[in-house]
Each structure stands twice: as structure tokens, then as C-alpha cells.
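K.L.:
Now for the letters of each chain:
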Amino acid sequence: MMLLHNILIILAVLLLTPILVGLILGLDRKLTARCQSRKGPPILQPFFDLFKLFGKEVVISNRWQIFCSYMYLISAQLSIVLLFLGSDLLLILFVQAGCTVFLVIGAMSVPSPYSQIGAHRELLQVLAYEPLLILVIIGIYMTTGSFMVDAIFALDRPLVYDLPLMIIVLGYVLTIKLRKSPFDISSSHHAHQEIVRGVHTEFSGNNLGIIELAHWYEIGVILSLSMLFWATSIWGALIIILLAFLLEIIVDNISARMTWSWMLFHVWLVGFTLATINLVWLYMR
Amino acid sequence: MGAKEKQLKPQRRLKPVSNIFKHVKESKIGLIKNLIDKARLKSPWLLHFDCGSCNGCDIETLACLTPVYDIERFGIINVGNPKHADILLVTGTVNHRNKKVLKQLYDQMSEPKVVIAIGSCALSGGIFRDCDNVVGGIDRVIPVDVFVPGCPAKPEAIIDGVILGLQKFANKQKRK
Ligand code: SF4
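Line by line, the protein sequences are chains G and C.
First residue of the first sequence: 1, per the working numbering; consecutive thereafter.
First residue of the second sequence: 1, per the working numbering; consecutive thereafter.
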């Protein structure tokens with residue numbers, strides 16, 4: 001019975017995540033266009049892009065590109081499935097970090113300088129947000145006394161009362177993960193260009209589609225992680241997502257792309273400060 | 001340069017994954033193929049190459065991206081990377097120096113692809129056609145699907161050209 005239950009959860013997560021995240025990204029493009037007084041593409045645009053990529057001829061420089069794109073997809077799927085099965089947060093974090101590594105290896109396997117620089121910058125982004133994610137998880141551990149996701153659902157009040165600053169820290173992580181300004185240094189979403197297309201430069205056709213899909217799952221992981229902060233009610237979780245999403249769009253539209261050193265300094269300064277204050281406060285209580 | 005030019009390692013080309021649905025037109029899986037064909041028309045990504053134009057046509061092409069014309073409403077994105085592009089927009093004449101570049105950009109794009117020549121220069125060489133270094137229109141180097149005349153071509157004409165290019169996509173699919 002338990003097994004059937006788990007299989008159903010896995011199927012639902014694998015199917016619903018791309019649909020929901022795709023819709024969110026479509027809405028994002030529409031709203032961004034409205035902010036710039038443009039009409040913008042239809043909400044279903046991300047799906048059109050994805051399907052088109054699956055129908056294109058694949059041009060590859062070596063086999064690693066294919067291997068890495070599929071491994072990226074599989075590990076991204078694995079991390080979100082683990083999250084919804086109520087697994088260990090640390091395990092989820094490591095699997096999630098692993099999937100970015102595959103993207104970087106794929107980009108490094110070709111001699112193109114654009115792809116190489118993009119890969120280096122992607123690693124710097126991981127360096128910027130990964131410690132913050134660990135701090136967020138430590139905060140969750142100090143509140144619930146366990147690294148398991150299930151322990152959060154066992155609480156009778158939302159995490160956000162205990163970890164108000166951590167949700168801001170998670171917002172930084174989300175901005176980096178969504179490839180939004182000012183942190184879109186390794187590759188940019190929408191029509192923005194930076195060192196051609198950064199890590200994605202040398203991937204084409206189907207492989208690019210696979211990477212795009214994997215990226216959706218990754219965004220799903222971070223979004224669900226933020227939803228855990230109000231796990232006691234579905235409305236609270238939706239409010240958190242909505243607020244985070246609107247803030248992302250505003251930040252994206254009012255800021256310009258910055259350098260990697262600025263990103264590292266800024267994210268670590270603000271992120272570590274907020275996280276430490278929150279942790280010390282939890283400890284002193 | 002010259003005879004000793006370094007040869008690039010040829011890139012491997014694989015059939016699109018959707019080809020596994022090629023033989024199942026009538027069944028449900030054929031639906032997925034239709035979906036991909038439809039999606040192709042709704043998400044053409046552009047690569048704009050300035051092949052030695054006077055910049056008049058480039059300014060008009062980039063004007064299409066501004067809020068006034070906003071081609072993103074058709075799902076069009078200016079990608080700046082041949083490996084991601086579906087449509088190659090070329091402005092300006094071809095000369096002996098950059099014809100290799102143009103050919104390479106075209107070769108790096110994956111099928112299905114469409115080439116659109118913009119402005120009199122790209123069509124025939126325009127006012128530069130008698131220059132020593134000029135080869136002529138870009139159709140001397142790569143196959144062109146749509147010609148958009150004008151000096152410079154109007155943004156409206158360019159958008160019309162892109163839409164016509166999309167119809168060519170549809171025709172190419174039918175012929176397959
Ligand atoms: S067609 Fe006219 S405007 Fe366009 S590149 Fe040639 S000379 Fe310039």
C-alpha cells in the first residue's frame with residue numbers, strides 16, 4: 001500500500017512540476033513584458049519553446065553533452081521527488097548541487113570559450129548560494145530537531161515565525177536559480193544575452209530542451225522549499241510563492257546585471273548576516 | 001589565413017528525437033508530432049547577422065524588438081547563438097572576407113532552419129554591388145528562403161518577412 005502511495009506521489013510530482021513551473025515562467029514573461037509596456041508572448045510560450053526544441057536536429061561536439069544533459073535532468077528530478085517523499089533535507093541539497101555539476105561538466109567538455117566562461121560563472125553561482133541553502137537547512141533543523149521534511153509537517157505552527165530572515169535568504173537563492181538580474185551572469189533567461197548564452201551556448205536542439213526541463217525541476221525544488229515555510233496551510237504557502245514571485249519580477253526589472261565578484265560579496269554579506277542573526281536568535285530563545 | 005587555415009573538427013548531427021514519431025501519424029502518438037510542428041511555428045528564435053551592412057537595416061531590425069513592434073508577442077527571441085536559432089536574419093552585402101563567417105553560421109544552425117535576407121544589400125549587393133570586395137547578395141553563399149526588399153527595409157516589412165518565413169517552415173514540414 002505504502003509502495004503504491006509512493007509511486008503515485010512520484011508520478012504526480014514528475015508530471016505536475018513541469019506544468020506548474022512552466023505556467024509560472026510564462027506568467028513571468030507576460031508580466032515582465034507588461035512592465036516594459038510590451039504585449040508579451042502568450043502564457044503558454046515556455047511550453048512552445050520546449051516542444052520546439054525537442055523537434056530540432058541535434059548538433060553536438062562530443063557525447064558528453066548528451067550524457068550530461070540527461071544526468072542533469074535525472075538528478076533534478078531525483079531531488080524534487082526526494083523532497084516530496086519527505087526525505088532528508090541534506091540529501092536533497094546534495095543531489096540538487098550535483099545536478100548543477102553535470103551542467104557545468106557538459107559546458108566544460110567543449111572548447112568554446114563562451115561555454116567555458118559560462119561554466120566558471122555557474123560554479124561561482126553555486127559557490128554563492130549553496131552555503132546559504134545549508135544555513136537555511138540548519139535553521140530548519142534547529143526549529144524542528146530533525147533534517148527530515150516530514151518533521152516540518154509535524155509542527156503545529158508555520159516555520160516562518162521561527163525563521164523570518166531565512167525566507168529572505170531563500171529569496172536570494174531563488175533569484176540566482178531563476179537566472180534573474182542582477183545575478184544572471186552565467187546565462188540569462190528571456191531574450192537577454194550574456195557571453196552569448198553562457199553555460200547553454202554549446203547545447204542545441206533536444207539537449208537544450210532537456211536542460212530547460214531540468215531547470216524547471218530545479219526551480220520547483222527551490223519553490224517547494226520556500227513553500228515549506230508555511231506548510232501548515234495551503235493558502236499560506238501560496239501567499240509565500242506569490243510574494244516571492246512578484247518580488248522577483250520587480251527586482252529583475254529594476255536592476256542591471258552585476259559582476260561575479262559583486263554577486264559573491266553581496267550575496268554572502270547579506271545572506272550570511274541575515275542567516276546568522278536568525279540562527280543566533282533561535283539559539284538564544 | 002589562406003591555405004593553412006585550421007580545419008574545424010566536424011560536428012556530429014543527430015536526428016531530432018521527435019523522429020521516433022515519424023511513422024505513427026494516425027495514432028495518438030502522432031498528436032505529439034503535431035504538437036511539435038505547431039510549437040515550431042510559435043517559437044521561432046532569431047539570429048541576426050550583420051554581414052557588412054551600413055547599419056541602416058540593423059537599426060530597423062532591432063527596432064522590431066522595441067515595445068512599439070514587440071516581436072516577442074509572436075514568441076520571437078533574438079538569441080545571438082547559431083546553435084539555438086531557427087531563423088537567420090542577414091543584413092548587408094557579402095564580401096570575400098565574411099562569406100566564410102556567413103557560411104559557418106548557417107552550417108552551425110540545426111534543421112529545420114529558414115534564412116531571411118533583409119534590405120537591398122542582402123538581396124543583390126545594393127549600392128555596394130560594384131565594389132571590388134563585394135560578392136553580391138547573400139544568396140550567392142547560402143540558400144535564402146525569404147527576401148525583404150527596402151533600403152532600409154521597414155520594421156513592418158521585416159516582421160512580414162519573418163511571418164512568411166514561418167509559413168515556409170510549415171511547407172517544409174508538409175513536404176517531408
Ligand atoms: S539596404 Fe540600404 S539601409 Fe540596408 S544595409 Fe544596404 S545601404 Fe544600408
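Treat the hints as calculated values from the structure; they're not laboratory data.
Among the hints, a few may not be true.
Stated by the list, open to error - Calculated cross-link-like contacts (lysine-lysine; reagent style PhoX-like; alpha-carbon spacing at most 25 Å):
no.: 1; chain 1: C; residue 1: LYS33; chain 2: G; residue 2: LYS39
no.: 2; chain 1: C; residue 1: LYS168; chain 2: C; residue 2: LYS33
no.: 3; chain 1: C; residue 1: LYS38; chain 2: C; residue 2: LYS103
no.: 4; chain 1: C; residue 1: LYS100; chain 2: G; residue 2: LYS30
no.: 5; chain 1: C; residue 1: LYS154; chain 2: C; residue 2: LYS33
no.: 6; chain 1: C; residue 1: LYS154; chain 2: G; residue 2: LYS39
no.: 7; chain 1: C; residue 1: LYS168; chain 2: C; residue 2: LYS154
no.: 8; chain 1: G; residue 1: LYS30; chain 2: G; residue 2: LYS177
no.: 9; chain 1: G; residue 1: LYS39; chain 2: C; residue 2: LYS103
no.: 10; chain 1: G; residue 1: LYS30; chain 2: C; residue 2: LYS38
no.: 11; chain 1: C; residue 1: LYS42; chain 2: C; residue 2: LYS168
K.L.:
Confirm or reject each hint.
P.N.:
Checked hints:
About 29 Å separates the Cα atoms of LYS33 (chain C) and LYS39 (chain G), which puts this hinted pair outside 25 Å; it is violated. Between LYS168 (chain C) and LYS33 (chain C) the alpha-carbon distance is near 18 Å, which keeps this suggested pair within the 25 Å criterion. For the given pair, LYS38 (chain C) sits about 29 Å from LYS103 (chain C) by alpha-carbon distance, which is inconsistent with the 25 Å threshold. At most 25 Å may separate the alpha-carbon atoms for a hinted pair to count; LYS100 (chain C) and LYS30 (chain G) exceed this at roughly 39 Å.
Restraint check for LYS154 (chain C) and LYS33 (chain C): not satisfied, since their Cα atoms lie roughly 35 Å apart, outside the 25 Å limit. Of the supplied pair hints, the one linking LYS154 (chain C) and LYS39 (chain G) holds, its CA atoms being roughly 20 Å apart against a limit of 25 Å. At roughly 21 Å between alpha-carbon atoms, LYS168 (chain C) and LYS154 (chain C) fall within 25 Å of each other, so this suggested pair holds. Taken as a hint, the LYS30 (chain G) and LYS177 (chain G) pair is honoured in the structure, with Cα atoms around 19 Å apart against an allowance of 25 Å.
Proposed proximity of LYS39 (chain G) and LYS103 (chain C) is contradicted: the alpha carbons are some 35 Å apart, above 25 Å. Between the alpha carbons of LYS30 (chain G) and LYS38 (chain C) the distance comes to roughly 20 Å, so the proposed pair stays at or under 25 Å and holds. At most 25 Å may separate the alpha-carbon atoms for a hinted pair to count; LYS42 (chain C) and LYS168 (chain C) meet this at roughly 13 Å.
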